[in-house]
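Residue numbers (our numbering), protein chains in the order written: chain A, 1 to 209; chain B, 1 to 209.
No lab work stands behind these hints: they were computed from the structure.
Careful: at least some of the hints might be erroneous.
[To be verified] Computed list of lysine-lysine pairs in DSS-like fashion (alpha-carbon distance at most 27 Å, straight line): (1) A:196 - A:184; (2) B:208 - B:2; (3) B:45 - A:22; (4) A:40 - A:22; (5) B:88 - A:2; (6) B:45 - B:88; (7) A:196 - B:2; (8) B:196 - A:88; (9) A:88 - A:184; (10) A:45 - B:40; (11) A:208 - A:196; (12) B:184 - A:88; (13) A:2 - B:40.
[Said to hold, decoys possible] The following residues of chain B were derived to be distant from chain A, with all beta-carbon distances above 10 Å: (14) 2; (15) 10; (16) 61; (17) 67; (18) 71; (19) 75; (20) 91; (21) 92; (22) 99; (23) 135; (24) 142; (25) 191; (26) 204; (27) 205.
From the three backbone atoms N, C-alpha and C, an ideal C-beta is built for every residue, glycine too.
Each chain, letter by letter, is given below.
Number of protein chains: 2
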Amino acid sequence: MKFYDCTIAPSPRRVRIFMAEKGIQIDTAQVDLLNGENLKPEFLKINPRGVVPVLQLDDGTCIDETVPICRYLEELYPDPPLMGHDAKSRAVIASRTRHMEMDGFLCGAEAFRNSTPGFADRGIPGVTGVPAIPQLAERGRAGLLRFFDQLERVLSQGPYIAGDTFSIADITALCVVDFAGWVKLGLSDSHPNARKWYGSVSSRPSAKA
Amino acid sequence: MKFYDCTIAPSPRRVRIFMAEKGIQIDTAQVDLLNGENLKPEFLKINPRGVVPVLQLDDGTCIDETVPICRYLEELYPDPPLMGHDAKSRAVIASRTRHMEMDGFLCGAEAFRNSTPGFADRGIPGVTGVPAIPQLAERGRAGLLRFFDQLERVLSQGPYIAGDTFSIADITALCVVDFAGWVKLGLSDSHPNARKWYGSVSSRPSAKA
């Protein structure tokens, strides 16, 4: 297998943390997003959508998108389980992970892409140049502030985002909080439980991945 | 189990088609989105995010978001498989389903929510009133046109969206094409393979669900 990564980008970081938690090492190629390597013909042969992360299987099949890649790795390397141990816990973790993506990650992307000069024509990821929309940057920032409150509510009920153990939902939330830092937003004094959780998940060795 | 549905909405339709393909019948409650029933305290006890679909398990646990619900049902009712039969096919179908969501469904939502008078303060689903952004309606429409071309490329390579058999990726794509009709966009003469596929999947009995 080969993993197509970009060290600075938040989506492939989710996969890197996932692999670090499982102790997996996979042959990795860096894709230089800052210089548009993801939009060049050589990479578009790997992924016509022009995004990372991508996991290329030994038969050449390329899987993109974070959660499908993680699910494949979970099947190959089940221990420790990061996506649940039975039908119900798998469903709860998948659902909570979607919340972190839809209510958090997408807001971070809106806030960052629509306010950063170098992304003036990169309003969405991938091959299509789409102009930034300033109102969307504001919508994204407001969404991130709501997301922090949502994290606080969830984490006032238990130590992790989805149940009693660390999971891909925590990995996703951690990457959202760090992504929000790119637009200078972060957890505040009104999020004591989320801050405690953030300190804990950030200090796991995998967080450096 | 109890399924919280809204007949007119495209997301719960994905679950209804999924259940129809498997021959599953689950006790169902309609949530009247048009009259804001999803934002009332009674429903917010079921799902604090204020969205459908929701699957309530017998122990009271509520799972929201389409794919996590479908994955749970796939575990309980594995035949016929709609999410793959081995690690690789599960990964390919999950990845393609994400493409249909990110490159199609989100564009439909952008186009519809940001151009429909009754949704002037419903720019995103759920509990938060967010103003519509007219530029986003245009971005969504352009995205749907690109999505139709993407469908044509995928369906010129095989009969279904992800491999040789009908899957949740086809269900998702079908619901996107029908959702696009809400903003008066559709497949054209330049999409012969996608049109043939659409005719085929639309004529399955499950499509009426």
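Against the structure, the hints:
1. A:196 - A:184: This hinted pair holds, its Cα atoms lying about 20 Å apart.
2. B:208 - B:2: holds (21 Å)
3. B:45 - A:22: violated (36 Å)
4. A:40 - A:22: violated (32 Å)
5. B:88 - A:2: Distance ~15 Å between residue 88 of chain B and residue 2 of chain A Cα, so the pair holds.
6. B:45 - B:88: violated (38 Å)
7. A:196 - B:2: violated (35 Å)
8. B:196 - A:88: It is violated: about 38 Å lies between the C-alpha atoms, which goes past 27 Å.
9. A:88 - A:184: Violated, at about 37 Å.
10. A:45 - B:40: Violated, because 49 Å separates the two Cα atoms, which is more than 27 Å.
11. A:208 - A:196: Answer holds: residue 208 of chain A to residue 196 of chain A is near 18 Å, not above 27 Å.
12. B:184 - A:88: violated (39 Å)
13. A:2 - B:40: violated (48 Å)
14. 2: Fine: 15 Å to the nearest Cβ keeps residue 2 of chain B off the interface.
15. 10: holds (15 Å)
16. 61: violated (7 Å)
17. 67: violated (7 Å)
18. 71: violated (6 Å)
19. 75: violated (4 Å)
20. 91: violated (4 Å)
21. 92: violated (7 Å)
22. 99: violated (7 Å)
23. 135: violated (5 Å)
24. 142: Check fails; 8 Å does not lie beyond 10 Å.
25. 191: Non-interface label stands for residue 191 of chain B: nearest chain A Cβ at 17 Å, farther than 10 Å.
26. 204: The assertion about residue 204 of chain B holds, with a minimum of 25 Å to chain A.
27. 205: At about 27 Å from chain A, residue 205 of chain B clears the 10 Å cut-off, so the statement holds.
Against the hints set out earlier in the document, violations occur for numbers 3, 4, 6, 7, 8, 9, 10, 12, 13, 16, 17, 18, 19, 20, 21, 22, 23, 24.
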